[in-house]
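*Asks:* Going down the list, the protein sequences come from chains A and B.
Note that the numbering used here has the first sequence beginning at 1, numbered continuously upward.
Note that the numbering used here has the second sequence beginning at 1, numbered continuously upward.
Treat the hints with caution; some may be incorrect.
Chain copies aren't distinguished; within one or between two, either way the pair holds.
Distance condition first, Cα-Cα at most 25 Å in a straight line; then the derived DSS-like pairs of lysine-lysine [unchecked claim]: (1) 252 <-> 295; (2) 333 <-> 295; (3) 331 <-> 271; (4) 295 <-> 68; (5) 271 <-> 370; (6) 47 <-> 252; (7) 47 <-> 271; (8) 68 <-> 47; (9) 6 <-> 372; (10) 372 <-> 44; (11) 306 <-> 360.
No lab work stands behind these hints: they were computed from the structure.
Predicted model, so just to flag it, every value in this text is computed and none were measured.
There are 2 protein chains.
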Amino acid sequence: MEPAIKVTVRRDTRSVPVGPTGIGGEFPITVQSMTTEYTYEIDKTVKQINDLADAGCELVRVTVPTPKDTAALKEILAQSPIPVIADVHFQYKRALAAIEAGVPKIRLNPGNINDRKQVEEVIAACKANGVAIRVGVNEGSIVERKDLNLRAHEKEENLLKLMMEKLDEYINIFHDNNFDNLVLAAKCTDAARCIILNRMISQEYNYPLHLGVTHSGTVETGAIRSAAAIGTLLAEGIGDTVRISLAGDPVKEVETAWEILNSLYLRPRTKPELIACPTCGRVEVDLFEMVDEVKAAVAEIDYPVKIAVMGCIVNGPGEAEGSDVGISAGKSKVMIYRDGQVVETVPTEQGVECMLKHVKEFIADDKARKAKEESELVEAN
Amino acid sequence: MEPAIKVTVRRDTRSVPVGPTGIGGEFPITVQSMTTEYTYEIDKTVKQINDLADAGCELVRVTVPTPKDTAALKEILAQSPIPVIADVHFQYKRALAAIEAGVPKIRLNPGNINDRKQVEEVIAACKANGVAIRVGVNEGSIVERKDLNLRAHEKEENLLKLMMEKLDEYINIFHDNNFDNLVLAAKCTDAARCIILNRMISQEYNYPLHLGVTHSGTVETGAIRSAAAIGTLLAEGIGDTVRISLAGDPVKEVETAWEILNSLYLRPRTKPELIACPTCGRVEVDLFEMVDEVKAAVAEIDYPVKIAVMGCIVNGPGEAEGSDVGISAGKSKVMIYRDGQVVETVPTEQGVECMLKHVKEFIADDKARKAKEESELVEAN
Numbered sequence: 001m002e003p004a005i006k007v008t009v010r011r012d013t014r015s016v017p018v019g020p021t022g023i024g025g026e027f028p029i030t031v032q033s034m035t036t037e038y039t040y041e042i043d044k045t046v047k048q049i050n051d052l053a054d055a056g057c058e059l060v061r062v063t064v065p066t067p068k069d070t071a072a073l074k075e076i077l078a079q080s081p082i083p084v085i086a087d088v089h090f091q092y093k094r095a096l097a098a099i100e101a102g103v104p105k106i107r108l109n110p111g112n113i114n115d116r117k118q119v120e121e122v123i124a125a126c127k128a129n130g131v132a133i134r135v136g137v138n139e140g141s142i143v144e145r146k147d148l149n150l151r152a153h154e155k156e157e158n159l160l161k162l163m164m165e166k167l168d169e170y171i172n173i174f175h176d177n178n179f180d181n182l183v184l185a186a187k188c189t190d191a192a193r194c195i196i197l198n199r200m201i202s203q204e205y206n207y208p209l210h211l212g213v214t215h216s217g218t219v220e221t222g223a224i225r226s227a228a229a230i231g232t233l234l235a236e237g238i239g240d241t242v243r244i245s246l247a248g249d250p251v252k253e254v255e256t257a258w259e260i261l262n263s264l265y266l267r268p269r270t271k272p273e274l275i276a277c278p279t280c281g282r283v284e285v286d287l288f289e290m291v292d293e294v295k296a297a298v299a300e301i302d303y304p305v306k307i308a309v310m311g312c313i314v315n316g317p318g319e320a321e322g323s324d325v326g327i328s329a330g331k332s333k334v335m336i337y338r339d340g341q342v343v344e345t346v347p348t349e350q351g352v353e354c355m356l357k358h359v360k361e362f363i364a365d366d367k368a369r370k371a372k373e374e375s376e377l378v379e380a381n
Numbered sequence: 001m002e003p004a005i006k007v008t009v010r011r012d013t014r015s016v017p018v019g020p021t022g023i024g025g026e027f028p029i030t031v032q033s034m035t036t037e038y039t040y041e042i043d044k045t046v047k048q049i050n051d052l053a054d055a056g057c058e059l060v061r062v063t064v065p066t067p068k069d070t071a072a073l074k075e076i077l078a079q080s081p082i083p084v085i086a087d088v089h090f091q092y093k094r095a096l097a098a099i100e101a102g103v104p105k106i107r108l109n110p111g112n113i114n115d116r117k118q119v120e121e122v123i124a125a126c127k128a129n130g131v132a133i134r135v136g137v138n139e140g141s142i143v144e145r146k147d148l149n150l151r152a153h154e155k156e157e158n159l160l161k162l163m164m165e166k167l168d169e170y171i172n173i174f175h176d177n178n179f180d181n182l183v184l185a186a187k188c189t190d191a192a193r194c195i196i197l198n199r200m201i202s203q204e205y206n207y208p209l210h211l212g213v214t215h216s217g218t219v220e221t222g223a224i225r226s227a228a229a230i231g232t233l234l235a236e237g238i239g240d241t242v243r244i245s246l247a248g249d250p251v252k253e254v255e256t257a258w259e260i261l262n263s264l265y266l267r268p269r270t271k272p273e274l275i276a277c278p279t280c281g282r283v284e285v286d287l288f289e290m291v292d293e294v295k296a297a298v299a300e301i302d303y304p305v306k307i308a309v310m311g312c313i314v315n316g317p318g319e320a321e322g323s324d325v326g327i328s329a330g331k332s333k334v335m336i337y338r339d340g341q342v343v344e345t346v347p348t349e350q351g352v353e354c355m356l357k358h359v360k361e362f363i364a365d366d367k368a369r370k371a372k373e374e375s376e377l378v379e380a381n
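So that you can see chain A by itself, here it is in the shape it has in the complex (with noise of 0.2 Å):
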């Protein structure tokens, strides 16, 4: 179903197969993490990709520094409930035997392996079994940059070249091969740069682009950097899967992406959204608490539904009626909308709860009436 606010036309790429999903061409826009468990500890690894799955993760990578991570492979994609992506580094032997394992991608940088002959062995492999390649460019891998002899600062005007010329370079060793299973990605540390490059990637390629802020920071800044570059990014249209780097528990990434293709109606949303209140001295209830209380109830909720908890009376009926539940409180009572209109109003201790009867009450109506509409559809048919 087309969303009713479109903010951009999604740029035509290539579309990549990856296990019974994909990237680019018409899939949806998708959201991928990675693990942080030692890919050897098979149930440790499945643990956390569930947990990742549970929050909307849909791809899902892990790191195979060692032939003992490649031999766990087999095991963990047997219980993986998505596909796992195999990260590769150095070693082409590790990429092999990923491959061998049945992984449906492999992330592989060239610049990291020296034998050219051994990433056309690996792209062989991959041509073999159907399997997909993200071929990418990190700012850490443009060893060139040493040789510039300039301030970190100054660096920064000569990086997107090199980056974008490396890319080329590593291009370049696929088409040869005839090899166009291909995933890009060019990361940065900043938004600026994430953002040009990416640009100047979409211009040159129709291969799908990996969006990611690598190294972004602690959680906090780490995610306002990467949704201020995603974000821009994907409103120009540009992106085909997206991972949020975080120094932190992974499935924060993945909540990091869905509040930023949901905010941007790039996917529709699956559970509820909460819109609270920025208190201010106007503020006469303790809303913090509030919308701590109504977060954690709703929490479990799968079906989307617009909540807003309001504290006061300048713009809180207003966004209240705009919410599909809404709470506007006062002092000592509060007024609880549905589709716009007050239904009930209550003492403030009992807002909450009574906002919750209502939210389970819409979600109840709104599957009945589409329900109704499909099957007088179907009849219509």
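Since the structure of chain A is already known, use the hints to place chain B on it.
*Replies:* Chain B only, in chain A's frame:
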């Protein structure tokens, strides 16, 4: 100084003075926030303004719902290190009292002042005193949407049109009164609508734009959603002042705004920038702990230095090289980088301390270098 990286060309707008600073035109994109204390509690309000200013807030808004609040303004203005904006709703007399007290700017929503004559009286007072006005629409102020008789998500299509019409209607009042010291704002609760609406406004008017996503949820989702919306607009050259609305400590609003502006190279950094590794199975040290330690240690430094904290051998060395000072950590020892060169290798437990020593040396060297360059420039002239 022009930044090394230019993500956009900022839209040309009218310049609106606000005390010693201003919005639009040649003024940099400013960071603003809003106090949450009762304005009439002068000491608490001034303390919060000082905290906000320390965090980098350049304009601060206070709410003035009662005569007690406007009566406090003169003293607050005398003590505040940054321009104070009065947030007026419902009562035009509060606007008149705030102007009388000397505020350089008010926020006015003509939609909640019923009598047009009262709005015109406020405009006349602003004109006589060189006071700027921010006028805008919030989703919540579009009462007409009640009449649409549609479900919440179906209303969205119509909401943008209604908001634009409402803004046009407001602006006409100011035009009729020959007042153009205006800043415009249109706030929605989600990124997509915010982006589309501000694109529309920037096409139609050349008044500077105040960007914000209103009521943007909890601190976490709010920051992400705001960064996606405001980052996108800024990267398109749209936006002259930024307020991040978060249901939390407003200092976080200021930090979030700066992270967006810095990361897009729209304002230069004045504080250390921390780059951390997204942990994965490759990490051999407790990186979170190290990041927290570094973060705390550099919190007081008022100098832009790019610090990388890396925990792996894949991206670690490369990223550390791209920073001013970097630490690339292995199991038992760490490498310290400065200006792209390894300068020291020490046991892991001494890593952070050693890195900090180099941060301080880097800053001293950098300051000396800049001073030398300046004195040479003076001599050359």
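*Asks:* Each hint should be assessed against the structure and marked as holding or not.
*Replies:* Here is what the structure says about each hint:
1. 252 <-> 295: both (16 Å within a copy, 20 Å between copies)
2. 333 <-> 295: within (20 Å within a copy, 43 Å between copies)
3. 331 <-> 271: neither (30 Å within a copy, 41 Å between copies)
4. 295 <-> 68: This pair counts as neither: shortest intra-copy Cα distance 41 Å, inter-copy 35 Å.
5. 271 <-> 370: within (17 Å within a copy, 52 Å between copies)
6. 47 <-> 252: Result: close within a single copy only, 16 Å intra versus 34 Å inter.
7. 47 <-> 271: This pair counts as within: shortest intra-copy Cα distance 22 Å, inter-copy 39 Å.
8. 68 <-> 47: Only inside one copy: residue 68 and residue 47 sit 18 Å apart there, 58 Å across copies, limit 25 Å.
9. 6 <-> 372: Answer is neither; intra-copy 27 Å and inter-copy 53 Å both fail.
10. 372 <-> 44: neither (44 Å within a copy, 56 Å between copies)
11. 306 <-> 360: Within one copy only: 12 Å inside a chain, 49 Å across chains, cut-off 25 Å.
In this structure, the earlier hints numbered 3, 4, 9 and 10 are contradicted, and the remaining ones agree with it.
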